[in-house]
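Given chain A's structure and the hints, the job is docking chain B onto it.
If you read the sequences in order, they're chains A and B. Each residue of the first sequence is one higher than the one before, starting from 1 at the first, in the working numbering. Each residue of the second sequence is one higher than the one before, starting from 1 at the first, in the working numbering.
Be aware that a few hints might be false.
Claimed, not checked - Heads up, simulated DSSO-like pairs for lysine-lysine below, C-alpha to C-alpha not over 30 Å straight-line:
1) 916/B <-> 26/A
2) 117/B <-> 93/B
3) 131/B <-> 93/B
4) 385/A <-> 353/A
5) 333/B <-> 187/A
6) 869/B <-> 35/A
7) 333/B <-> 365/A
8) 385/A <-> 357/B
9) 31/B <-> 132/A
10) 29/B <-> 19/B
11) 316/A <-> 357/B
12) 132/A <-> 131/B
Quick caveat, the hints were computed from the structure, so don't treat them as lab data.
Chain residues, written in single-letter form:
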Amino acid sequence: MISQFFILSPRGDTIITRDYLGNVPKGSSEVFFRKVKFWDGGGHDAPPVFNVDGVNYLHVKDGGVLLVATTRDNVSPSLVLELLKRIGGIIKDYCGLLSEEAVRKNFVLLYELLDEVIDYGYPQSSSSEALKELIRNEPTILKPSKSKLGSPFQIGKGPTGVIKSVLDTTRTDSGRRDEIFVDIVEKISCTFNASGYIQASQIDGAIQVKSYLAGNPAISLALNDNLAIGRRESVTPDYGGYGSPSDVVMLDDCNFHESVSLTRFETERTLELIPPDGEFALMNYRSTYDFKPPFRVYTTVEEDRDSSIKAVIFIKVRADFGSDKVASGLEVVIPMPKDVQRLSCEYENKDIKGGITQSWDWQEKAHRLVWKFNKVPGGTEHTLKVRATLEDGFNAALKRGVGPINLQFTIPMFCASRLNVRYLQIQKADKNYSPYRWVRYVTMSNSYVVRS
Amino acid sequence: MSDSKYFATTKKGEIHEFKEDLRSLDKSKKKDAVKKVIAAMTVGKDVSMLFPDVVNCMQTDDLELKKLVYLYLINYAKTQPDLAIMGVNTFVKDSQDPNPLIRALAVRTMGCIRVDKITEYLCDPLQRCLKDDDPYVRKTAAVCVAKLYDINPELVEDRGFLDILKDLLADSNPMVVANAVASLAEIQEVSGKDVFQITSQSLFKLLRALNECTEWGQVFILDSLATYQPRDAKDAESIVERVSPRLQHANCAVVLSAVKVIMKQLDLIEDQTLVKTMHKKMAPPLVTLLSAESEIQYVALRNINLIVQKQPQILSHEVKVFFCKYNDPIYVKMEKLEIMIKLASERNIDQVLLEFKEYATEVDVDFVRKAVRAIGRCAVSLERAAERCINVLLELIQTKVNYVVQEAIIVIKDIFRRYPNRYESIIATLCENLDTLDEPEAKASMIWIIGEYAERIDNADELLEQFLEAFPEESSLVQLQLVTATVKLFLKKPTERPQQMIQLVLTYATQETDNPDLRDRAYVYWRLLSTDPEAAKAVVLAEKPVIADNSNSLEPSLLNTLLNNLSTLASVYHKPPEAFVSRTRLAVQRVDELQPTAFEEDVVSISNSDGNAGAAPSGKAESSAPAPDLLGDLLDLGGPAPAAAPAPAPAQTSNGNAGAAGGISDLLGGLGDLDMAGGVAAAPQPARYADPFAAPAPAAAPAPAAAPAVAPLPVLLPADKGKGLTISGQVGRQNGHIVYQLSFHNGSGTPLDGFMIQFNKNSFGLSPAAQNIDVPPLAPGAGGSAVVPLLQNPAMLSPVAANAGLQIAIRNNQQGVFYFNDVLPLTALLTEDGRIESSAFVSSWKTIPDANEANKALPVNLTNVEAVKAKLAAVNIFLMAHKQVPTTNEEVIYLTGRANTVGAPTQLLLELRFSKGTPGIKVFTKSNRPDLAPMLFDALPALLAL
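Looking at chain A on its own, in the form it has when it is part of the complex (with noise of 0.2 Å):
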């Protein structure tokens, strides 16, 4: 099985180091990052699993270090990975977040944790919950005041603004605090041609869930009663009962985490768990139905009047989505094309209310541009007038160059898929006991590309 573990600095520094079975040379990190680092002469990302003089190396990048294994067996490489994974995960459980001063902080109470979690190089505990009664060094959380933090929901996919430990549970003094996140988390991938037709789209979802209850009571988690899952082949869409498609939530596939119970699921569409400390996906799920995509963008090109060598080119963006809900941080990456030598920008709408800021920034070297939105409300528009100088002097095929164009973009409380939690209870006999109970979702692109 596994051999070592270590996780290196994104400098290739070793921050943590396990042995298991000592068949493994002691500069295997080294050997590690140096072929890392060089992957094809440096110009490509390694694959996460690769053999280097008979020793395999298993990888996965996570909040800017490298969790590696290595080993010389023929093992499954999905467990290794899912492990490594898992415990990049139990470090964000017990020290709030992952990052590299996170473990240089916390490296004993990681040793202590790796000591549980592999044992003689296989995966033994693996759940933040279970892990709790056997760790006893108490965590250093750092505090989330750094500025690359940013918005909460940039780190990873989870409801992860909050940095707490799940030892945080435990304490019994007046600091504690019992809630549970539920954040319904939808990845987004959209390809619309240059006609602006759809041609593929995909939601992938999870509901992640972050919990500090005391004394894990059991929760009960009702979903939307109109959800269908289920192949879109069949030969008689199973819609459920409910009439029409659009009245349905479709899934194509999805699977729990092992604590949910199901035996409501099928008929009252309710998930019942008692919720392990930490985070954790309750569910994860995918759809490859239609949804109504959050941003639309279209692109003209004029021969600008004024000279020949010089084109006008038009790109609006509509964000199709309910005025009460608000994109934050929109980015318009648009490639331009190869005849395009130098350009200027002008805003369409230049004193948009509401404090939305917007900037334009020409990379010269990726001959792309890259226009930035601080936020944008939903069923707004805007336009970028871009004045590009040509090399060749205008010509129709122009268009297709400007492209493909690509959106970043998060927009909170907003759910591409419909899917919606109706109750989160928690059963606990005591009156008394209210914890916080957050319910919160959020879309986020995936890869939202509008071909030219």
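Chain B only, in chain A's frame:
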């Protein structure tokens, strides 16, 4: 207060400071000190000298401190077991502590101390802990059984620990079940014994445990189930039924292992409706894997690649999910592309082509190239879509992006070969882009196209002439194509200009070049043209066989091996486990990979699936030919031996030593199996038919990308001494046996078969276990390899002082006998059980007379000592100790190994002295056979160099 401050202390004298603090009575100071020590340990400092002080802290009630001490102990347990054993009394005491955490901690740590002495102390606590009331203790003890097995397997069996483990499979705690499974699986793998063989009785038990244990345990159970051979279809059906709920698991490893089990069992199920249902059921979970992180996606995609090669219908409707995402890392994109090609069909080709076209305009050059190739491969495999593919390629050529154009031309050449006389109208477009070509493969492809269609290109002579100008500087790939294309041009348009060109080309190719392939090809053409131009036409312009797209698909037997290894590293590398698993396992009864080129996964080419007109008749040649008595050809053997050569029976131990025949024939039986496996591994490599006249397919070119993964064997018999036959070989060890790895290349004009081997008497009594060499008949130009097991036979012992020389005779039916010499590497004789107690080492060193000592200074610069140790251990030279010589900067390494010499094995004792940074190393050796010393000195430089 944070831990990072512990990293801060780097000043001198810190060790002394640590010592002080560790002895302190103040608990928190003590704890702090241990933390500092652990910090130092983490950054790679040697803090082993603090061992006694740290161990002293072990007896404490403070659990946190105790855990810290154990942390330190585990770290040094492996490297310095002699130190770790100092804590043994506390361990034993702790294993009876009322706190289950401490009991488990003690057992866990003891198991990590890899020294056989620990077993005396470990057994009783382990026995108790396996039956402990607390599941945490039981699960820790379950893993500990595997640890103990690695140190002392007999003890584990004698104490009945295996049976206890099997009982734990039915434990009430999921983690205990998981660890029992893991432990049994590990023992099964290291021992090669059937400790975890699934029978129809234990099957039920395991299937029940599947529902009861942790996710990791489920993976181990599923992996074991994958090896189970069900009795009948019913059996298989019930397994599939019980396993299929695992497909919904959130853990990708569980899903993939479940897919492996189901794929295997489905082969045996006759009920086609059930098979279809299962195929349908597997698709969504497989697709869901692609929603995971890129790292997991990559593993999933490599596995899906194998699955769709066997059962494309599982995902035939899902091609869309393999479309590349904007933010996919390149390693994911490349794999998705490969699967898209495999799933492309007439139904979805339009969508797929649209994607490929989009990808071909991206930024990453490698990805773009692969996308262009993908279009070509779809054209070759989907006849009805070929035209659409070509149109896309033409559009891409219009972009004038240099590498896109070149890549497109390469694939268009393949399309021409697949659909001759159909799309030649596009040649004009291609010819517009000659100037942009600067890569050999693209140039060669374009030249082939010009030559092949010379009669339809008005200015073919001009175009070729452009290329000919730089003929001497071109790579051999381009040169070969130029020679052929010029000949074609001349045959098709025998006018003045082509005549001049051909003169020029052939003169250069025959007189000025060092490349034998080029020269030979030019000579062949020259003679053909000068003797019979009509015949030349018939040969050179003959209709070429149509090609098919089978590039990037694995050869069926390898594919099956890999499917059996789904969700393992083998399925990610697309190589059989033997090719990269370096820990020699007795369980693996396979001969190591001898044909490293058997999996040319990276060679993107369309293989030449020729009808093989001129290839060798594969049948036996002249079976009636008198088989010359090989033994008779060797001098030292006494009486005439039976001449019955071809029978490959293991009974053929006609070495004049009937006495040992019983034992030997057993061994031969085993080796026979070994040989078979080698044969199977070698067999799928079809003899590549290199068409020297019009070899346009890249397969005929020696694909430079497929560099052999292992070093080639040294040549023993060069072709000029072997009448065209080349023999390479080396004596080595495989799975604890001495073997002769041989490889042959037939450079003679005739097929060769009936290879046999014999040795002359030699210093170690080595002789082949069987005379017949298990190598298939070799067609001209073909190669083959074999592994010949060697035995040590006192009758073959030469009485003179040991020397490494071997005299060997190999014959075949066509060419008679060849004699040659080889040198036996000492490492081939070193046995796996050569480790001895350090006390035995010391006493042997004292008792062996000094006259037997030999020494030599070797000009080796030892830098990476750890790596050298590992390298030595791999050839069974084991480390006894590594010390610093006090008051000097000299270091000493003591090593030992056991040479299997006839009569009694010889224990070799070694001492290496060297100073870090100063080149040169002094070697001292002692053994009962001083005559082995020179061989040892010969072997060492290669082993010590890195």
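Those earlier numbered hints the structure runs against, lowest number first: Going through the list in order, the structure violates no hint and respects every one.
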